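Just add 20 to wherever you are in the sequence shown, counting from 1, and you've got my numbering.
Since the hints were derived computationally from the structure, they do not count as laboratory data.
Quick caveat, the model's predicted, so the values are computed rather than measured.
Even glycine gets a Cβ: it sits at the ideal position worked out from N, Cα and C.
Treat the hints loosely; a few may be bogus.
To be verified - Each pair of labels, with its calculated beta carbon distance range: (1) D113 <-> N597: 14 to 24 Å; (2) D314 <-> I472: 52 to 62 Å; (3) N516 <-> D579: 21 to 31 Å.
Unchecked claim - Once the Cα atoms are required to be at most 30 Å apart in a straight line, the calculated BS3-like pairs of lysine-lysine come out as: (4) K454 <-> K490; (5) K475 <-> K327; (6) K186 <-> K57; (7) K186 <-> K85; (8) K249 <-> K428; (9) K55 <-> K100; (10) K247 <-> K327; (11) K137 <-> K100; (12) K470 <-> K428; (13) K428 <-> K247; (14) K247 <-> K100; (15) K85 <-> K204; (16) K461 <-> K186; (17) K433 <-> K313; (18) K433 <-> K540; (19) K454 <-> K327; (20) K413 <-> K477; (21) K428 <-> K327; (22) K454 <-> K186; (23) K323 <-> K186; (24) K433 <-> K454; (25) K132 <-> K100; (26) K540 <-> K461; (27) K247 <-> K323; (28) K476 <-> K428; (29) K433 <-> K490; (30) K323 <-> K461; (31) K476 <-> K433; (32) K490 <-> K428; (33) K85 <-> K55; (34) K454 <-> K413; (35) K490 <-> K327; (36) K204 <-> K247; (37) K327 <-> K477; (38) K204 <-> K137; (39) K540 <-> K477; (40) K55 <-> K186.
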Amino acid sequence: MIITKKNIDTMSKKFILLFFVLVSGHAAFAQDSDKVKFGAYGRALQQNTTLGEENDTLHADNVSKGHVLVDLGININPDKRTEVQAIIRMRSDIGGFYTAGSAVQLRQLYIKGLIGKYFSYQVGDLYLQMSPYTFYNNNSEGTINEGRIFSDFRRDYVNYENLSNKGNYWWQQGATTNFSLAFKESLIDSVRVDGFFVRNRPQDVISSAPAAMFHAGGRVTLTSTEKMKLIGNYVNLFEIGKTASIDSAISNPVTSVQLDYTLWNNEQTTFRIVGEGGYSQMIFKGYDTRASKDGSFGEGAVKLNLKPANLLISAGYSYVDPQFYSSAAQSKRVNFANTPSTFPIYGNDQDNPNFRSPTVFDLVKDTAVYNQRIVSQLMAYDPTLNNSQAYGKATPNRQGVNVDLQYKDSAQKVMANVNAAYLTEIVGEGTSEKRNFLVLKAGADFYIHKFINWKKKLIITTGVRYETTKRGGDPIQSVDLTSTLIDLGLEVEVVNRLDLLVGTKFLTATGNEFLAIRNKYNDVSFSDATTSDISVNQSLLAAGLKYRFSANTYLTVQDHIFAYTDGSNSQRNYSFNQFLIMFNMNF
21 MIITKKNIDT MSKKFILLFF VLVSGHAAFA QDSDKVKFGA YGRALQQNTT
71 LGEENDTLHA DNVSKGHVLV DLGININPDK RTEVQAIIRM RSDIGGFYTA
121 GSAVQLRQLY IKGLIGKYFS YQVGDLYLQM SPYTFYNNNS EGTINEGRIF
171 SDFRRDYVNY ENLSNKGNYW WQQGATTNFS LAFKESLIDS VRVDGFFVRN
221 RPQDVISSAP AAMFHAGGRV TLTSTEKMKL IGNYVNLFEI GKTASIDSAI
271 SNPVTSVQLD YTLWNNEQTT FRIVGEGGYS QMIFKGYDTR ASKDGSFGEG
321 AVKLNLKPAN LLISAGYSYV DPQFYSSAAQ SKRVNFANTP STFPIYGNDQ
371 DNPNFRSPTV FDLVKDTAVY NQRIVSQLMA YDPTLNNSQA YGKATPNRQG
421 VNVDLQYKDS AQKVMANVNA AYLTEIVGEG TSEKRNFLVL KAGADFYIHK
471 FINWKKKLII TTGVRYETTK RGGDPIQSVD LTSTLIDLGL EVEVVNRLDL
521 LVGTKFLTAT GNEFLAIRNK YNDVSFSDAT TSDISVNQSL LAAGLKYRFS
571 ANTYLTVQDH IFAYTDGSNS QRNYSFNQFL IMFNMNF
């Protein structure tokens, strides 16, 4: 819906207008009754990006874009058992003229409530999450332990805009319900049952005839004392045949069982056994004689909490069958087939332009490379960022062991995490030889101001991810790829509420990898697969200032410098600089 107010052209005026609208609205909302409550999120963002002059003589070298928006949340409680939540977005692009780029839209709407004493429900927009093998939105690549200058922008812009700011939940539309029962003098203390039915987001939301694809499932949680929890999960992604000109249909049911059992828990230690196992099917209806694909998975781990040492140790083993498919767990948060919105095409050769693929810069800054849709086909991925488990724990054709250590001292001066994993393929792809993967990850936060008793913040964040992929055999089919991602950050409170922020990301990848091409049935086309030589370096340097008006309101000014170097093709090298100002408010 197009609004008719006159668009304001200057960024400074829009910052001032946004500030007074939100502050005055907050004062008015506080006077409303308990039945109607208001909240709001506001943002003003201006970005100016300049491409290196030597990188492109054919396209625009400077891009300036920005917007001002307010998401007004309205919460209505008509009675004690019912809640209605709506979020209305008002947005105006900076630089538009006379309503160009200005709009009002309904961003989110749901109704939830309680039926009787036990049944709760929610209809409309909702967030869903189950286990990492059944229904799970995995974190994006390109981050290990980000500095504040990157994590703030990722959280308040990229994740917020892609409705992925609720951790590992998928945003869906449909209905969900649950109820709980408690028992006395029984082996089972409580039972909780959750169920849902949602319409999957179509591939082309503008299309008049989107694919009729749905998700249905639920879980049953049994709790016995404080020692044992047993969970049964079921989820099914299915198409309805003969709708939207589709005569055939795919269904992907997945079933699993989770166990969490505490062997002992005292003042010194806690020792737990956790695990999950399950089964999947990929069924093709109406696809001639195409057989269904059946796969299984299983994982188990032991967790030891050494309380006096503030140390949590975990060790486990996992097995995921080559034919295991779980759409809602394997769909990626990042769509590496998408082209970034910032300088998507560059180069000096008009007949052979270069098309940019998502980089560590885009993963932090660009909503265009992100995905909100659950799909039945395994999506493209970047082997330089994650080759071992590109689809999270549910990545098919993997087995191996992992060890994880987590430490946080009692004074919270240091928080650290170290993880090591060794995985192998279960069957080779196009050869009898199998890939093996070694992954080492570590991250640490150092609260320096607590060491020196400084009243203001001084925090250093560090993170590194090292991965190798190897496969022997014929030189044409052999694989040897090494990649390293480094995250560094600095946060210093120079004066009261004013922070100096610095952050860097470095990605280096060298070697070669066998890039398999999959069709819509997830079959690997070995005749189309190629061996890709990789020699890539990416660097992102950022510095800026952040003034905190309150815990949820701040203004930040930042400068980012990004460089991409391809050792195998110097014509693909490029660099750019981005200057941005963002005002963020949430109340």
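Against the structure, the hints:
1. D113 <-> N597: 14 to 24 Å: 22 Å, holds
2. D314 <-> I472: 52 to 62 Å: At 60 Å between Cβs, range holds.
3. N516 <-> D579: 21 to 31 Å: 23 Å, holds
4. K454 <-> K490: 8 Å, holds
5. K475 <-> K327: 28 Å, holds
6. K186 <-> K57: Holds, at roughly 22 Å.
7. K186 <-> K85: Since the Cα atoms of K186 and K85 sit roughly 27 Å apart, the hinted pair holds (cutoff 30 Å).
8. K249 <-> K428: 26 Å, holds
9. K55 <-> K100: This hinted pair holds, its Cα atoms lying about 9 Å apart.
10. K247 <-> K327: The hint holds at about 18 Å.
11. K137 <-> K100: Judged against 30 Å, a Cα distance of about 12 Å means the pair holds.
12. K470 <-> K428: Holds, because 14 Å separates the two Cα atoms, which is no more than 30 Å.
13. K428 <-> K247: This hinted pair holds, its Cα atoms lying about 25 Å apart.
14. K247 <-> K100: With a Cα-Cα distance of about 35 Å, the restraint between K247 and K100 is violated, given a limit of 30 Å.
15. K85 <-> K204: The hint is violated at about 62 Å.
16. K461 <-> K186: 24 Å, holds
17. K433 <-> K313: 50 Å, violated
18. K433 <-> K540: 50 Å, violated
19. K454 <-> K327: Outside the cut-off at roughly 41 Å; violated.
20. K413 <-> K477: Violated - the C-alpha atoms of K477 and K413 are around 36 Å apart, more than 30 Å.
21. K428 <-> K327: Satisfied, since the Cα-Cα distance of roughly 10 Å is no more than 30 Å.
22. K454 <-> K186: 37 Å, violated
23. K323 <-> K186: 26 Å, holds
24. K433 <-> K454: 43 Å, violated
25. K132 <-> K100: Holds - the C-alpha atoms of K100 and K132 are around 11 Å apart, at most 30 Å.
26. K540 <-> K461: Roughly 33 Å between the alpha carbons, so the hint for K540 and K461 is violated.
27. K247 <-> K323: 14 Å, holds
28. K476 <-> K428: 21 Å, holds
29. K433 <-> K490: 39 Å, violated
30. K323 <-> K461: 18 Å, holds
31. K476 <-> K433: Holds, at about 14 Å.
32. K490 <-> K428: Distance of about 35 Å is beyond 30 Å: violated.
33. K85 <-> K55: 39 Å, violated
34. K454 <-> K413: Roughly 19 Å between the alpha carbons, so the hint for K454 and K413 holds.
35. K490 <-> K327: 39 Å, violated
36. K204 <-> K247: This hinted pair holds, its Cα atoms lying about 16 Å apart.
37. K327 <-> K477: 27 Å, holds
38. K204 <-> K137: 18 Å, holds
39. K540 <-> K477: 51 Å, violated
40. K55 <-> K186: Roughly 26 Å separates the two Cα atoms, so the pair holds.
Hints 14, 15, 17, 18, 19, 20, 22, 24, 26, 29, 32, 33, 35, 39 from the list above are not met by this structure, while the remaining hints are.
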